[in-house]
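**Student:** Given next are the chains, with one letter for each unit.
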Amino acid sequence: MLEARLAIRYSAFALDLELAVPPGETLVLVGESGSGKSTVLRLLAGLSQPNSGRIVMEGTTWFDSAQQINLPPQERQIGWLPQDYGLLPHLSVFENVAFGLRARRLAAAEILERCQRALEQFGVADLAGRRPGGLSGGQQQRVALARAMVLRPRLLLLDEPLAALDVQTKAQVRSDLRAMLSSLPCTTIFVTHNPLEAVVFGQRIAVLDGGRVVQSGTPDRLLRQPRSPYVAAFTGVNLFLGRSSVPQPGGLSRIETEQGPVLVSGTEIGENPFIAVSPREITLYAAAPAAGSAQNVFRGPVVEIVPEPPFGERVRVVLGTRPPLVAEVTQAAVDRLGLVVGTPVYASFKATAVSTYS
Amino acid sequence: MRLLRTIGVRALVGLAVGGLVFLLVLPVISLLFRTPPGELITRLGRPEIQQALWLSLETSLLATALILMLGLPTAYLLASREFPGKRVLEVLVQLPMVIPPTVAGLILLLTFGRAGLLGKSLGAWGVSLPFTTAAVVVAQAFMATPFFIGPARAGFATVEHRYREVAATLGAGEFYSFFRVVLPLSLPSVLAGTAMACARALGEFGATITFAGNLPGVTQTMPLAVYVEMQHDLGAAITLSVLLILLSFGLLLALRYGQSRVR
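Protein chains in written order, with this note's numbering: chain A, 1 to 358; chain B, 1 to 263.
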């Protein structure tokens, strides 16, 4: 079990959060650049020092500001993979993997044996004599993993392990990495800016924004009930933060948001609810719809039209309504309605299509 | 117009480079013209020249070793840490580059001499530094250290911080990380500094003659011997000069090739 409470303040940035990762599990930290993800890894690794807090790994205190405990990185038993893997360019692949064992002054025979096993485990035995400079991104990643895991770390820290890869190889490396990580018994923290990667790799996910955890839970929860505009933008859900709600006749409630009111079904609405509407639930009309079954009708101009996926059948239409909405419709519908940027349209969705959660 | 300007610029650059080469090479050639090479070689066999040659090689190599021992940690400290008084230390280690060598010799004499600050306590142990071969080494190291610190420090500063961090997370302490990561990655610069310092030590004159004196076989290095021989045997002075130039040229040339190898 890793338990950490970290607080650090720079001139223009403050980080304050708590993490708990059960033994052997993978926690994914997801957030925009500047949200503090890499800083969390550096603090856990001991490369930076929090102003206050506590880090306890399986009963060993690595850091405690109250007791003035601060173990240096070399005593924390961690594996840290920085964004571009940080392979030492002047050493061969074998010597990179052997680096930590040599620093521990192990016997030559044991070093040889453990390195060979690690190189084989991560499928890079045939690269042992090469310098890192000539390796592909995926190969470098494997070598860096072998170098970290040969030391049997208690905590593995991966900083955007897929960011340095080009698009063609990314999918293959991602599935390889996933297979490798799931076979490792090590507690892992994986940092990414991509919520879809988070869902692929994480047993638990914590969403970071401005140095704070704004949502944590299972991947499923993250997808279905996003609590940050950042994740909502990625999954493509329309997300609003409600302020006050007023019950309406017919088992409905009217929730005020900063950008305008939304009608939802149900009368038991919690404090400051999140309001999520799938873009597929939104219907577009060229003229005001006659009184229909949809309770929410908004008028506004088309702001942007984005094929989704690129050149695909379906199209995401960004609307300048209040509140702002994104609708997902077919290309045929766009053609039929003659939608271009600036066209005024009506958008509607049913109260039952809205999910609210606190 | 543009063409004319290009030609004009090229001519100016050519003139400047040509002038500089002329200025550097002509004295060397005139040195060789002055005495036929055969005569130079026979003079090489003379004991006082041999003595000066071996003493110079010995002292400048020892000085280089001393510079490495004191300079490596200092250069690394300056490159990797911030601490109060850092600017002062920076200027201090640069100072020997700009003060006149005779002044440096005088400072050393005042420090290590019989009545000097350190000399007194050293004297109590029966150790006296001035006018010994050891004094030559100290004078050379004093004068040549800045030539090592500058390039070495610059080299250390270019080693990406991330590599040291990776080394730390892999369990390497500062010492191990320095010798396995920082030093190999900055080797070209460290070699450059070493060669520059060694060449500077080899050519040291002012501080040596002031602090160590001019005793043949004990403190009379090649530059000192050149000065002495000039007054009664110009041929010997020329032989020594040619030797010094060849040594320095060879050292710096070897450095260039060594650097391109390491890179």
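Just so you know, the hints here were simulated from the structure itself, not pulled from any lab data.
Certain hints may be false.
[Said to hold, decoys possible] Pulled from the structure, derived: some chain A residues nowhere near chain B, Cβ distances all over 10 Å: (1) L47; (2) P73; (3) H90.
[Stated by the list, open to error] Under 8 Å between C-beta atoms, here's a sample of chain A residues computed to sit facing chain B: (4) I69; (5) P72; (6) A103; (7) A107; (8) A108.
[To be verified] Label-pair restraints from in silico Cβ distances: (9) A:G123 to B:R162: 24 to 30 Å; (10) B:R162 to A:E25: 52 to 58 Å; (11) A:R105 to B:T158: 48 to 54 Å; (12) A:L241 to B:T158: 30 to 36 Å; (13) B:E90 to A:D84: 42 to 48 Å; (14) B:Y257 to A:G123: 46 to 52 Å; (15) A:P229 to B:T6: 56 to 62 Å; (16) B:L95 to A:S48: 33 to 39 Å; (17) A:R105 to B:L246: 42 to 48 Å; (18) A:E304 to B:L4: 42 to 48 Å; (19) A:G129 to B:D233: 55 to 61 Å; (20) B:K86 to A:V306: 52 to 58 Å; (21) B:L20 to A:S48: 30 to 36 Å; (22) B:E90 to A:G129: 38 to 44 Å.
The beta-carbon is built from N, C-alpha and C at its ideal position, and this holds for glycine as well.
**Student:** Hint by hint, note whether the structure agrees.
**Tutor:** Against the structure, the hints come out as follows:
Annotated as non-interface, L47 (chain A) brings its C-beta within 10 Å of a C-beta of chain B; the closest such distance is 5 Å. The Cβ of P73 (chain A) sits about 4 Å from the closest Cβ of chain B, inside the 10 Å cut-off, so the non-interface label is violated. With a closest Cβ-Cβ approach of about 5 Å to chain B, H90 (chain A) is found to fall inside the 10 Å limit, against its non-interface label. Contact between I69 (chain A) and chain B, as hinted, is not supported at the beta carbon level, the nearest pair being about 18 Å apart and thus beyond 8 Å.
Taking 8 Å as the C-beta cut-off, the interface hint given for P72 (chain A) holds, the closest approach to chain B being about 7 Å. Checking A103 (chain A) against chain B: minimum C-beta separation of about 4 Å stays under 8 Å; hint holds. For A107 (chain A), the interface hint is violated, the least distance from its beta-carbon to any beta-carbon of chain B being 16 Å, above 8 Å. With a least beta-carbon distance of about 16 Å to chain B, the hint placing A108 (chain A) at the interface is violated under the 8 Å criterion.
Under the hint 24 to 30 Å, the C-beta atoms of G123 (chain A) and R162 (chain B), about 25 Å apart, fit the expected range. Under the hint 52 to 58 Å, the C-beta atoms of R162 (chain B) and E25 (chain A), about 27 Å apart, miss the expected range. Take R105 (chain A) and T158 (chain B): their Cβ atoms lie about 29 Å apart, and the range 48 to 54 Å is violated. The hint said 30 to 36 Å for the Cβ distance between L241 (chain A) and T158 (chain B), and at roughly 48 Å that hint is violated.
The hinted window of 42 to 48 Å between E90 (chain B) and D84 (chain A) is violated, with their beta carbons roughly 32 Å apart. Under the hint 46 to 52 Å, the C-beta atoms of Y257 (chain B) and G123 (chain A), about 39 Å apart, miss the expected range. Between P229 (chain A) and T6 (chain B), the C-beta spacing of about 58 Å keeps the proposed range 56 to 62 Å intact. Taking 33 to 39 Å as the suggested C-beta distance range, the pair L95 (chain B) and S48 (chain A) conforms, at roughly 36 Å.
The hinted range of 42 to 48 Å is satisfied by R105 (chain A) and L246 (chain B), whose Cβ atoms lie roughly 45 Å apart. Distance hint check: the CB atoms of E304 (chain A) and L4 (chain B) are about 55 Å apart, inconsistent with the given range 42 to 48 Å. Range check, G129 (chain A) to D233 (chain B): about 59 Å between beta-carbon atoms, so the 55 to 61 Å window is met. Range check, K86 (chain B) to V306 (chain A): about 54 Å between beta-carbon atoms, so the 52 to 58 Å window is met.
Taking 30 to 36 Å as the suggested C-beta distance range, the pair L20 (chain B) and S48 (chain A) does not conform, at roughly 50 Å. Checked against the hint of 38 to 44 Å, the pair E90 (chain B) and G129 (chain A) passes, with Cβ atoms roughly 42 Å apart.
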